[in-house]
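Dock chain B against chain A, hints included.
Residue numbers (the numbering used here), protein chains in the order written: chain A, 20 to 130; chain B, 27 to 138.
Rather than coming from a laboratory, the hints here were simulated on the basis of the structure.
Positions of the beta carbon are idealized from the N, C-alpha and C atoms, including for glycine.
Calculated cross-link-like contacts (lysine-lysine; reagent style DSS-like; alpha-carbon spacing at most 25 Å):
id, chain 1, residue 1, chain 2, residue 2
1, B, 43, B, 91
2, A, 22, A, 71
3, B, 97, A, 117
4, B, 95, A, 117
5, A, 88, A, 22
6, B, 44, B, 97
7, B, 95, B, 43
8, A, 88, A, 73
9, A, 117, A, 88
10, B, 126, A, 73
11, B, 126, A, 71
12, B, 95, B, 44
13, B, 83, B, 44
14, B, 83, A, 117
15, B, 95, B, 83
16, B, 126, A, 88
17, A, 22, A, 73
18, A, 22, A, 117
19, B, 83, A, 22
20, B, 126, A, 117
21, A, 71, A, 88
22, B, 83, B, 43
23, B, 44, B, 91
24, B, 91, A, 117
25, B, 126, B, 95
26, B, 83, B, 126
27, B, 126, A, 22
28, B, 97, B, 83
29, A, 71, A, 117
Listed next, the stretches of chain A that the computed footprint assigns to chain B, with coverage defined by at least 3 CB atoms under 8 Å from CB atoms of chain B:
id, segment
30, 63–77
31, 105–113
Next come the chains, spelled out residue by residue.
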Amino acid sequence: LAKTTQPISMDSYEGQEVNITCSHNNIATNDYITWYQQFPSQGPRFIIQGYKTKVTNEVASLFIPADRKSSTLSLPRVSLSDTAVYYCLVVPMSGYNKLIFGAGTRLAVHP
Amino acid sequence: EAQVTQNPRYLITVTGKKLTVTCSQNMNHEYMSWYRQDPGLGLRQIYYSMNVEVTDKGDVPEGYKVSRKEKRNFPLILESPSPNQTSLYFCASSLGGYEKLFFGSGTQLSVL
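Looking at chain A on its own, in the form it has when it is part of the complex (with noise of 0.2 Å):
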């Protein structure tokens, strides 16, 4: 399983772009990147899931460079209502199994 790194924390101001990147230099070749969006006493949400180059849906933009030791989860505009933890995962392309979400970024968005 790859272990994945952020920062603990980030803070934002609504109307901001904001970057968080993950780090996961261990990747395997058949490992998919997946970010999900917890808030308080709430079950995590998926946000959006990528394996390399962009990806981009309505709520966010992954980004992925050629070497996939890392990734970026860019959220446009965010608002007081982005205000969550967010976590990366890493996944394998054979499915499910062990799962380790780590800490995730907790992120603040300020008016």
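Same frame as chain A, now just chain B:
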């Protein structure tokens, strides 16, 4: 509505009194798993199941049991709860492969 349902939402019990937290999904998912969440430690996986009758240990399985007799249900059993099992518990399910996980609303357990 596609969902993962956990019950109960809150549970207060005493040391040594067996309890079961239920988890059910209505999406015909093959993969199900249990996590506990403690302040500052993120989510830690307790057990997971790849399919009916197939279960395996996660990172913190001590003191817990699971069973997967039906595809939709994956109960978490604490045979003799202790105070260090006081935590917020989440159940999750997935189609399998690397498909996204769907999480339940959580069960806040307090063991006195």
